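Asker: When you get a sec, could you build the whole thing from the sequences and use the hints?
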Amino acid sequence: MSVRADNRLADGPMHPVGCGSCGAQVLARKSSWQQTTVQWDETATATCTDWDPGSATRGRFPVCEQMRASIAQAVVDGLLPVVDTRS
Amino acid sequence: MTQTTDEVRTIEAEALPTRFARGWHCIGLERNFRDGKPHTVTAFGKKLVVWADSSGELKVLDAYCRHMGGDLSQGTVKGDEIACPFHDWRWGGDGRCKQIPYARRVPLRARTAAWPTMSQDGLLFVWNDPEGNPPIAEQAIPRIDGGPDAEGWTDWAWYETRVDTNCREIIDNVVDMAHFFYVHHAFPTYFKNTFEGHTATQLQRGVSRDDLRPSEKAIGGPKRKGNTSVATYHGPSFMIDDLIYHYEAMDDVRTVLINCHYPIDENSFVLMYGISLQRPEAEDEDPAEAQALAEKMVATTRIGFEQDVQIWKNKTRIDNPLLCEEDGPVYQLRRWYEQFYVDVADIDSAMTDRFEFELDTTKPNEAWQREVEENLARRAAEDAPVPQDA
Ligand code: FES
Ligand SMILES: [Fe+2]
Chain A
1 MSVRADNRLA DGPMHPVGCG SCGAQVLARK SSWQQTTVQW DETATATCTD WDPGSATRGR
61 FPVCEQMRAS IAQAVVDGLL PVVDTRS
Chain B
1 MTQTTDEVRT IEAEALPTRF ARGWHCIGLE RNFRDGKPHT VTAFGKKLVV WADSSGELKV
61 LDAYCRHMGG DLSQGTVKGD EIACPFHDWR WGGDGRCKQI PYARRVPLRA RTAAWPTMSQ
121 DGLLFVWNDP EGNPPIAEQA IPRIDGGPDA EGWTDWAWYE TRVDTNCREI IDNVVDMAHF
181 FYVHHAFPTY FKNTFEGHTA TQLQRGVSRD DLRPSEKAIG GPKRKGNTSV ATYHGPSFMI
241 DDLIYHYEAM DDVRTVLINC HYPIDENSFV LMYGISLQRP EAEDEDPAEA QALAEKMVAT
301 TRIGFEQDVQ IWKNKTRIDN PLLCEEDGPV YQLRRWYEQF YVDVADIDSA MTDRFEFELD
361 TTKPNEAWQR EVEENLARRA AEDAPVPQDA
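Heads up: the protein sequence lines correspond to chains A and B, in order.
Per the working numbering, the first sequence starts with residue 1, numbered consecutively.
Per the working numbering, the second sequence starts with residue 1, numbered consecutively.
Keep in mind the hints are simulated off the structure, nothing from the lab.
Among the chain B residues that face chain A by a calculated CB cut under 8 Å, a handful are:
hint : residue
1    : 145
2    : 192
3    : 319
4    : 334
5    : 355
Here the structure is a predicted model, which is why all the values come from computation and not from measurement.
The beta-carbon is built from N, C-alpha and C at its ideal position, and this holds for glycine as well.
Answerer: Shown next as structure tokens:
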């Protein structure tokens, strides 16, 4: 079983984004303002200081709010393109 | 990217993997194996024997006796050992032949394949590893937060069924947001996946559909507003879903839904699921009533999985799904899943690095809301009295 590439990456690749708080570097992609893909590597995972593993029983989802905000900021700053700019 | 519009896309599928996933696999409720008898389990392309030794520890061996090939699962439990029905050779849970009643001594190399086991939360697990290594400590299945061992929770309402397709189909469900609406009649409003190490998580919030209230109807229960679900695969086959139901006129109900499977062979697997729920904290609450509710809920879950099975029965395997932006990360999930099918030495960090995918449910929700309203309008029209001049 070899795994293929996501066909959607052909319409818009992943872009590097740095966390404004801890400096962790990830690859991100946004197909719309609400959709976000984040690929971390080992260094980024180790660098991140704010990863919240969430709480299943309290319905809280794992996320790093700092990274989430940094990715949103990158869009606002024009550093991270949004694939579907029509909406 | 430009693409010639008249180009036909072909469906591609490689041969099925010839090995079975490394990791812990639940093979059912442990109490079912504790009746003093040997049990046959067909898994990982093999026949296994499962029995409890005199201390109650559950043991799993390859069912075929290394003497003359007798089926140990048709044998008898004698003390700590399983005795072969053919010539009574006695095999211990460690895989060694302990005794041959009619022989002066046991020959050298009288050793068969033994599967490491683990029992917790009322479930029996076996560790499968094509490389034959002991269980990986970090991949131990976590204890369930709640569930039958916890005070105030119901026993498992449990169901098992055989499904005739490769088990990758059920794994794909983790990321498949849209099928929850079309196949399961749910209405996800928030959907996110995170993969990291040997775990894959699906986070979902949903609302009930006004056009169909299948679960409440099926269980005859109170009206649900929606649900919050955090479901994690711990390894290749065992998912714990912390599923909280929100009601219109009562407090939230916490449930744990187990969704797990083990491969029979590359073309079939045994699907198992169980539900335990936290009994509402009423003074006069009857435990039997909560158990009955759990049974009804598992019946509803069963309807859901039967809808999946119906799809799986007729669909084709596809290695190159054509995804739209409102689909989940199918390719990245399969990349994560691949780690269990390669030798530990060949695990690429891309398979285990943290990955997040938050879906945009705006467009799907608009479309689904419209569909729900159309259904309601149609039903209202059907129920309305026929106009006189028609
Ligand atoms: S085949 Fe099992 S004892 Fe002979
Ligand atoms: Fe499904």
